[in-house]
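**Q** Full structure from sequences and hints, please.
Residues 14 to 269 (my numbering) make up the sequence shown, in order.
Since the hints were derived computationally from the structure, they do not count as laboratory data. Note that CB positions come from ideal geometry on N, CA and C, so glycine has one too. Don't take every hint at face value.
What the hints assert, rightly or not - Listed next, with one range per pair, are the computed distances between beta-carbon atoms:
id, residue 1, residue 2, range
1, L192, S233, 20 to 28 Å
2, S101, R261, 51 to 59 Å
3, N190, Y249, 37 to 45 Å
4, D125, N37, 19 to 27 Å
5, S233, G178, 45 to 53 Å
6, R243, T40, 30 to 38 Å
7, V236, T22, 19 to 27 Å
8, L192, T44, 25 to 33 Å
9, E106, E246, 41 to 49 Å
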Amino acid sequence: MLRSLYTATTGMMTQRNKMDTITNNITNVDTIGYKKDYMLTRSFEDVLIERINDPNIVATRFNNRSQVGDHNWGVYADEIFTSFVQGSPEQTEQPNELAIQGEGFFVVNTPDGARYTRSGNFRVDRDGFLVNPNGYYVQNTAGGNVYVGQGDFSINSLGDVTVDGNVTGTIAVVTFNDLQGLRKAGENLYYHYNDEAPVFAQDYEVLQGYIETSNVDVASETVEMITTSRAYESCYKAAQMIDQTLARTVNDIAKF
14 MLRSLYTATT GMMTQRNKMD TITNNITNVD TIGYKKDYML TRSFEDVLIE RINDPNIVAT
74 RFNNRSQVGD HNWGVYADEI FTSFVQGSPE QTEQPNELAI QGEGFFVVNT PDGARYTRSG
134 NFRVDRDGFL VNPNGYYVQN TAGGNVYVGQ GDFSINSLGD VTVDGNVTGT IAVVTFNDLQ
194 GLRKAGENLY YHYNDEAPVF AQDYEVLQGY IETSNVDVAS ETVEMITTSR AYESCYKAAQ
254 MIDQTLARTV NDIAKF
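**A** So, in structure tokens, the structure goes:
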């Protein structure tokens, strides 16, 4: 009975964590370049239940037991999976805002080192360098900061920056062999937890005057939220029923 209560409880905890993930996705539906998360679950390993010292079982040479069958202790949140499916490009006509069509990430220099992002809502600082909303410098292919000046500039599909007719550098667009090694670092930035070195992307196009929208679909997230809520409610009712049965066992059956 207690095993069943534990199983129902793990289901409640798992659905609660899943709901947190869905809520975070919906909250970031308007966040530029945001990538939705999925919570992957896994069941605990099955254990073998045996009857021990049952007088109705014929004793074997080694013990007095028989196998009842397998039992599972429930489920748990295994990991968070990030979907890097591209969001839709949205035109803004702002020359300092960029989007990547295809694979790859922009590189920004942070106090914690290089970080990677699909969010291209950049701005030009007072020194003429391209920075993200947090003031982190966007990097070029040579490992330096991207300079765009204080006047008009253009960026072609390869990321080449032209200022006053001169190419000042190329915006770095990189990717990784193992995208699932990327972890969210906050502020719409990523890092690779295995310290895998990035490589320059090949199949991409830089769009000037565009931003990439979130890849969250509100309709599907709402359906998932309803399904998760009902699953939580089912686990709760099961736990409540088991609890009532235990209470009756203690309060009523023990009287006889």
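**Q** Regarding S233 and G178, is the given constraint of 45 to 53 Å on their beta-carbon distance met?
**A** Roughly 48 Å apart at Cβ, these two residues keep to the hinted range, so it holds.
**Q** Is 30 to 38 Å a correct range for the gap between the Cβ atoms of R243 and T40?
**A** Given a distance of about 22 Å, which is not inside 30 to 38 Å, the answer is violated.
**Q** Using the beta carbons of D125 and N37, state whether their distance is inside 19 to 27 Å or not.
**A** 22 Å, holds
**Q** With 41 to 49 Å as the target window, see if E106 and E246 comply at their CB atoms.
**A** 48 Å, holds
**Q** Taking 37 to 45 Å as the stated bounds, is the beta-carbon spacing between N190 and Y249 within them?
**A** 43 Å, holds
**Q** May I ask you to test the hint 19 to 27 Å on the CB atoms belonging to V236 and T22?
**A** 26 Å, holds
**Q** Between L192 and T44, does the C-beta distance stay in 25 to 33 Å?
**A** 19 Å, violated
**Q** Taking the CB of S101 and the CB of R261, does the distance hold inside 51 to 59 Å?
**A** Since the Cβ atoms of S101 and R261 sit about 57 Å apart, the hinted range of 51 to 59 Å holds.
**Q** Is 20 to 28 Å respected by the C-beta to C-beta distance linking L192 and S233?
**A** Because 21 Å falls inside the window, the suggested range holds.
Checked against the numbered hints above, the structure violates hints 6 and 8; every other hint is satisfied.
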